[in-house]
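Engineer: Below, each chain spelled out in residue letters.
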Amino acid sequence: AQSVAQPEDQVNVAEGNPLTVKCTYSVSGNPYLFWYVQYPNRGLQFLLKYITGDNLVKGSYGFEAEFNKSQTSFHLKKPSALVSDSALYFCAVSNDYKLSFGAGTTVTVRA
Amino acid sequence: GAGVSQSPRYKVAKRGQDVALRCDPISGHVSLFWYQQALGQGPEFLTYFQNEAQLDKSGLPSDRFFAERPEGSVSTLKIQRTQQEDSAVYLCASSLIAEKGLAGDTQYFGPGTRLTVL
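First to last, the protein sequences are chains A and B.
Quick note on numbering: our numbering labels position 45 of the first sequence as 45, and the sequence is numbered without any gaps.
Quick note on numbering: our numbering labels position 87 of the second sequence as 1087, and the sequence is numbered without any gaps.
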């Protein structure tokens, strides 16, 4: 079985401040971890993924995520948030072909 | 390039009606997935195709749900005798290759079909 927890339903930050969206996972075997973003009435857009190698993964739009095996976490970060980053963010885990998603975190960046 | 497309974008059905949802994956993508996203929740896996073969349908909620991909490209998700609990967004995703045991392929999602059953 595999699962993801996103402990925060909402994250609010001011524009220009660092943004962190938390994710912890549970999976047997090697984890493959993903972050997606969803804008209203649109599908999920891929941001980044961890497969193997460096624990710090860089992705689209200035986002990065750090894989921490001992804490089973894969937190999403952006050093300086933009108002346009306001959206719904999903973390997902897989050890085969199925993705298991968290419930999502709504990010609001205020000007 | 063209991404995953789905149609219709919105569908309203009366309880008991049958519906068919279409997915056009990215050209050349071998794998195709259907997910169901209930309001306020993350997507949940329904079924997986590799080319025309349906290799996993373990997530389909009942035998009223049926999916096909007869020529290995376009896929249709059919729901018979719709119920109110079927109301959700149905997302289709495709990836270049994602065989059982080979994880890590990026799945690219379509915009979804929002189904409302009255």
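No wet-lab data here; the hints were simulated from the structure.
Glycine residues also receive a C-beta, built at the ideal position from the N, C-alpha and C atoms.
Treat each hint with caution, since some may be false.
Unchecked claim - Heads up, simulated DMTMM-like pairs for lysine to aspartate or glutamate below, C-alpha to C-alpha not over 25 Å straight-line: (1) B:1057 <-> A:85; (2) B:1078 <-> B:1063; (3) A:49 <-> B:1063; (4) A:49 <-> A:85; (5) A:49 <-> B:1044.
To be verified - Listed next, with one range per pair, are the computed distances between beta-carbon atoms: (6) A:66 <-> B:1080: 43 to 49 Å; (7) B:1071 <-> A:62: 21 to 27 Å; (8) A:46 <-> B:1041: 17 to 23 Å; (9) B:1002 <-> A:79: 51 to 57 Å; (10) A:60 <-> B:1008: 34 to 40 Å.
Engineer: Can you let me know if the beta-carbon spacing of residue 46 of chain A and residue 1041 of chain B is within 17 to 23 Å?
Structural biologist: Holds - the Cβ-Cβ distance for residue 46 of chain A and residue 1041 of chain B, about 19 Å, lies within 17 to 23 Å.
Engineer: Look at the Cβ atoms of residue 1002 of chain B and residue 79 of chain A and judge whether their distance stays inside 51 to 57 Å.
Structural biologist: About 33 Å separates the Cβ atoms of residue 1002 of chain B and residue 79 of chain A, which means 51 to 57 Å is violated.
Engineer: Return holds or violated for the Cβ distance of residue 66 of chain A and residue 1080 of chain B against the range 43 to 49 Å.
Structural biologist: 46 Å, holds
Engineer: Do the Cβ positions of residue 60 of chain A and residue 1008 of chain B conform to the proposed distance bound of 34 to 40 Å?
Structural biologist: Violated, since residue 60 of chain A and residue 1008 of chain B (Cβ atoms, about 29 Å apart) do not stay within the stated range.
Engineer: Keeping to a limit of 25 Å between CA atoms, is the pair of residue 49 of chain A and residue 1063 of chain B held or broken?
Structural biologist: Distance of about 34 Å is beyond 25 Å: violated.
Engineer: At the C-beta level, are residue 1071 of chain B and residue 62 of chain A separated by a distance inside 21 to 27 Å?
Structural biologist: For residue 62 of chain A against residue 1071 of chain B, whose Cβ atoms are near 40 Å apart, the range 21 to 27 Å is violated.
Engineer: Checking one constraint from the list: CA of residue 1057 of chain B to CA of residue 85 of chain A, max 25 Å. Satisfied?
Structural biologist: 35 Å, violated
Engineer: Assess, step by step, whether the Cα of residue 49 of chain A is no farther than 25 Å from the Cα of residue 85 of chain A, and give holds or violated.
Structural biologist: Roughly 18 Å separates the two Cα atoms, so the pair holds.
Engineer: Between the alpha carbons of residue 1078 of chain B and residue 1063 of chain B, is the straight-line distance 25 Å or under?
Structural biologist: 11 Å, holds
Engineer: Given the hinted pair residue 49 of chain A and residue 1044 of chain B, is their alpha-carbon gap at most 25 Å?
Structural biologist: The given pair, whose Cα atoms are some 19 Å apart, holds under the 25 Å limit.
Hint violations for this structure: numbers 1, 3, 7, 9, 10, all remaining hints satisfied.
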